[in-house]
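**Student:** Listed below, chain by chain, are the residues.
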Amino acid sequence: MTVADDVLQVRGLTMGYGDRVVIRDLDFRVRRGEVYVVMGASGSGKTTLLRHLLGLQEPVAGEVRYGGEDFTRAPPEDRERLLRRAGVLFQGAALWTSMTLAENVALPLEQFTSLPPPAIRAVVRLKLSLVGLRGFEGYWPWELSGGMQKRAGLARAIALDPELLFIDEPSASLDPPTARRLDALLLRLRDALGTTAVIVTHDVATILGVGTRALFLDGEAQRAIAEGPPSELREHGPAAVRAFFAGGAAGA
Amino acid sequence: MRRAARPPRLGPSAARGEGYDASVGTDATCELRRGDGAPLLVLLGGSWRLAGRLPDPGDVERELDRARPSGVAIDGSGVVGWDSALVAFVADLVDACRARSVSVDVRGFPAEVGRLLEIAEEGPAPPEPPAAAPPSGIERIGEQALRREERLGDVVAFVGESALALGRLVRRRARFRPQDLWLLVQQSGAEALAIVALVNFLVGIILAFVGITQLRSFSAEGFVAQVVGIAVVRDMGALITGIVLSGRSGGAFAAQLASMNATQEIDALRTLGISPVEFLVVPRLLALTAMAPLLTLFADATGILGGAVVGTTMLHQTIPGYVRQTAAAVSAGDLVGGLVKGATYGLLVALTGTLRGMQAGRSAARVGEAATAAVVAGIVAIIAACGVYQYVFFLLGW
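Residue numbers (the numbering used here), protein chains in the order written: chain B, 1 to 252; chain Y, 1001 to 1398.
Simulated from the structure, these hints should not be mistaken for lab results. Beta carbons: idealized from backbone N, C-alpha and C, even for Gly. Just so you know, not all the hints are guaranteed correct.
Rough simulated footprint, nothing fancy, chain B against chain Y, three-plus residues with beta-carbon under 8 Å [as the list claims (entries may be wrong)]:
id	stretch
1	1050–1064
2	1083–1089
3	1362–1374
Next comes chain Y alone, as it looks inside the complex (with noise of 0.2 Å):
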């Protein structure tokens, strides 16, 4: 048979069949002929290249399925060309036949085909399969609700542990570099502070333009002021500031422990004696806990001004009147009490990114997923924690 014109095939992969093309005349060909008690005999012919077409494995199977033969015997003397693919074919056929108790004839072939038949054959015994039957759909979400117990149980003893270790800290006795610290205060504070600002500012002018829409329904748009700056003030500031650090600062202490776990380095650290806990884990919530307050202070500055910009533009109000009015509506409680948010989500990012760190396996392709894991649950326990602080403020009357 006479290779017909390939199709055209994009990028590569093209260009090598092409130069196999070259020097390939044929097509692989995989005859069956069986007579009537005789063996199955199997004629292999052409050309054999990974980078030509194949004969399916898969129709020999099905007529060894058909009626199973006395016996199969594979020829390979019409074989012109060959490399790993036809020794590939072959090797399957073979292992088809012993699966079905079938006697098999190899024969015809290039010595080399049958020195690599060989040495594939003769490797160590393949290592038992996993557990064979996958568990019931019962047994699945028992097994789930058990290794949920078994997590939940790990974020209790690390938050146990990191409460230990700070407080070993303020005994003086918690062991870690003060230049890890500032670098740390750096990183998530003082380099986070731009994109706080810009995100911030952006919600100040959303917020007053919603303010403004339905305010309008009652005439009393005049008061953007006061609903931003309530609105920015006790909330959305130190809310919006934790969601940034969630997915800067968290996922970064996330990868960061979890890459030092599949590199060996926290090993290091428990050999030598140095609890990771006090090490890694502390200062980043030192340093979290501490720029959360301040970033958010800039929080609020930086969305009550996006909400002037929008007062100014759209109302005509001006600056002076409008600070005036944002000055009125915000007491020094709901500025407290919005830092105290703040410190709080600053302390949940941290410990929920190193803690999906340092639960993180070991290897490379655990890196990623713990800073996502490590996002997501931060985001998940800041607005959690949003909802709780709603609750005790409203009952407090704060």
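Chain B on its own, in the form it takes in the complex (with noise of 0.2 Å):
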């Protein structure tokens, strides 16, 4: 793998608020194509990773690369380049409630390119079929159901063919059928589409059932311990990620 490949990288981050330090010197890079795991129990720093990787909150230390990029200490209009290479689907979903699900997936095609109206129509409508969801363009978000709203999220996320994708929770309040069915969609996009995905989670299925390598972060020793295929930290990983992997099978 030469570096060209790697679309995201972490190097020596040190995330934290004010004093307290949520983890140390995190490594990682995210090759082209890979489902790349984020996890870790509730509250082990999954987030705040996120919100790093995104610019929404600063690093104590350490850096962020996007394909190579400086992406932490890159001026702001740089910052929004970078990033629009990127697609994003919240936790919540977090569609524009006053806006259409047609209104949500175009308003990044009508700010970020200059195709015109019946063009933008045309591409809305392909990603709300791609996500299932044919013929609700005139649909309210609070019309719909959690999953769907979630499949509308990643409607608009895809929106502009990100490059990357990430994901934060994304069976979150769903149930284990429909959170399943999301993650199936999830990897034929991915295949179809060509996109790269980091995935933020603590859902075992998801992990074992999408993720092409995942990195776990453990909240008290603040550092990630474990990188590798889900299957092989499930078998061989440290006992901490056995005992998550084992939990998690034994409450689902």
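Take the two lone chains and join them into the complex the hints point to.
**Tutor:** And the structure:
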């Protein structure tokens, strides 16, 4: 693997709030086309890491790099440019409630492309179809179930064909079958669109189902204690990681 | 066709456009070919990118409508670069052909394009479109009227429920937390003092200037203290205070309750068997009804002060003289009447604010709408009540 194949790199990242360090000295790289899972118990710093990757929070030390370019120290306009390569699906979908589904998906297209309205409508229709929401263009977010909102959020996240997709807790507040269907959808879209995905989750089924490689954050040790293919981590990982998988499986 | 120089564009889109252009040589092309009786051939070529320029799918559809072909073949062998833009265009075209019952053949595309088209196809059937025919003008008027009656019913029910809850409060059986009440008293009373004083001070100045302008034509500008005093104490103090409270507390009440509605906090109260009217509405009604007359008292004082500033600087009256004139003109009845009005306006503002908040739909977008509606309804209610009071006081000779 050459450096050019790394879509995302994290080097020596230390994160914290004020004096309290959450995770220190984090190093990992995400290769093109893989589904990289960041896992850990609640409160281990998964969401904090995601906020750092998106520039919503500044690191105590270290850096985040997008495709070899420094993101952490980049001026705001470069950050915006780099972030436009990424799409984000937030935990609660974060659809804009004052807009219909079509308007939600169309907004990034209207803002960042010069496509004429008919072409934008066609792309919106395609993206909603890809997530199984064909015909729901005129619906308002509150008229949808939780799973449908997630899928609509996904349609918005892939509106601009991002090269990198960030997903925060895809299965949160979804029933297991719905969560598995969303996992399957993520994989198919990854295959068809060639998107690289970074998924933050504590759902063992999602981790094993979609993850190419996984990183385990340990909140007590304040660092990442394991990285590798999920099935391997489950069998041969450190004791804490094996316990995590076992507990998740027992609870499921 | 070589790409022409791009027109300069503003904003971040330009940055993305250039980034894509570096790797892209040609524009997307769409060529239509048809022979007699043969299927319409749609040849796609070049680079299809969201960031680039794309042909209009409407052109092909117009060609379909101009002379219905026996079939359509979409050929993508000329495509050199693509993203969703291409897939969206092809999907659109396929839909257009199907809608016209024209057979369509898609060929020569990269495998991934086919896979994406497949995923897009296989989703569940689209939902039933909402009621087809839009209602006629007369139907709409009827519906509006019915809805109005429904809304009026809501208002009556809400006022009734509030009155019952207040009744239970008198019998010491209403449930709310006293600390909530004190916080509301502080927020809608003490914290509103500065803005109420400032606005009424300025209104006093305005009234004084208006009075002087008119009184001067009778050489009676010395009576400006009486004019300002009567106007402020009888009406303007309470009215202006009510309007300030409507913008400040009425809007806040509506926003608070609407967001509690959106996050199901009100449902949580109901399921515990706690009436949201008792728990949320009653303390707000009490706080504002109690605070509005006190604020009106300050409003009266600062309004008179505003008039005095004009009287002493413009007419060179003395402060003691101005105060004596005011005291002689304003009776205790005027003062009490003003305070009663103030309390009424406070009650109306609290009622409209909490009503709009409780009526709001369960979504974040409704919070702002509820706040706007509450302020509008509050001000309308205050002005209407003010008109009613004028008439009643006039009849009573008060």
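**Student:** Please go over all the hints and tell whether each is borne out by the structure.
**Tutor:** Checked hints:
no.: 1; hint: 1050–1064; result: holds (count 7)
no.: 2; hint: 1083–1089; result: holds (count 6)
no.: 3; hint: 1362–1374; result: holds (count 4)
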